[in-house]
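Given the coordinates of chain A, assemble chain B onto it according to the supplied hints.
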Amino acid sequence: MKKLTQLGMVFGMVVSASALAGPEEDRTAFQNFYEKRFPQVVEGDFINGVYSILPGAREQWEAIEEFPPYEVAIEEGEELYNTVFANGKSLADCFDTPAQRENYPYWDSEKGKVVTMEQAVNDCRVANGEKPYKTKKGALAAVSAYMSYESRGQAINVVIPDDPAAIAAYNEGKELFYTKRGQLNFSCSDCHMYGAGLNARADTMSPAFGHASHWPVYRSKWQAMGTLHRRFAGCNTNIRAKPFKAQGTEYSNLEYFLTYMSNGLEFNGPGARK
Amino acid sequence: MFKGLVGAVILGSAMLANASQSADAVIAAATEANKQAKSLGYEWNVTGKAIKAAQAALKAGNEAEALKLAEHAKYMAEASIFQAGDEKKNWMLRVPK
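So the sequence lines, in the order shown, correspond to chains A and B. Numbering of the first sequence is given in the working numbering, commencing with residue 30 and proceeding in unit increments. Numbering of the second sequence is given in the working numbering, commencing with residue 360 and proceeding in unit increments.
In silico PhoX-like pairs for lysine-lysine, Cα to Cα no more than 25 Å straight-line:
id : chain 1 : residue 1 : chain 2 : residue 2
1  : A       : Lys274    : B       : Lys408
2  : B       : Lys427    : B       : Lys411
3  : A       : Lys209    : B       : Lys394
4  : B       : Lys397    : A       : Lys142
If you want the footprint, here are the derived chain B segments under chain A, 3+ residues with CB under 8 Å:
id : segment
5  : 398-408
6  : 445-455
These aren't lab readings, by the way, just hints derived from the structure by calculation. By construction, the Cβ of each residue, glycine as well, lies at the ideal position given by its N, Cα and C atoms.
Here chain A stands alone, though its shape is the one from the complex (with noise of 0.2 Å):
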């Protein structure tokens, strides 16, 4: 019984250090994670989600890519980039270059919460007197399309900076990852991490790892484009738990914390997926 005693505090201890590790030791293990259980994967390659574990599955998505079907949007975006707003500015106006994805997420001390970069987008517009976008599909996903699509190529290079407010926001996306939701009682990291190469029904479950590399997406379920969040609230009705709102806190912690273990990595937006 003493024995028993001493290990349930010992496994205690472990879980408390890994609940409360640092950024940068959590990036670790969740990076050494994926290549102990990966280990076929090329360095670098996990930015191409599912394909990089599924060779057969792979072919296929490369015929695809010669004509992207993503194509459309990214024209559609670069147009919507430069279109005058009223008052005679444009979203150029508010980025010194589209290729804009390195600087995002990234926690603003001002406004005290994470900045996406469709969440940047959509303050442009707000400052300039325009609308925002809608945060889920259509002209955000297309904008988006068109700055991941000049950003390809660049450092995934997520700052947690030592602030205790990003530090809990850094957090808060952690837990939600691995927290279990809905009615199936699932976690991102549920089939995203210890489910990843299984299979649920005929799909393969991705690696979280490079999650955040490609976004947005041209899913073929959808037939159109969709944002990160767009992914993560599909995610959300599947395990059949209310959904966060796109753009809300809970959403754009969760990317912070999901893009910050994807270091190191490059960004390849926007991608084609199933």
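The following block gives chain B in isolation, referenced to the frame of chain A:
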């Protein structure tokens, strides 16, 4: 015979009224529990639909069905609140070391 019939009608009406009241009360309890689950960030997307189905059955005068649906909705709302408490204690078990 007549007295017996009147008694049966009164008893039947009382039972129906009671079932109706119970369904109403259970719908209210389910709604309240679901609000709590939502405030915790753990609302299930099936609970609100179950509450609406119970309300529709009650409106259609199907008290027994309404009660059954409301009880199921209340069970789901309470389970999601339990999930919230349980996950607050256990999510960290999944963090790789």
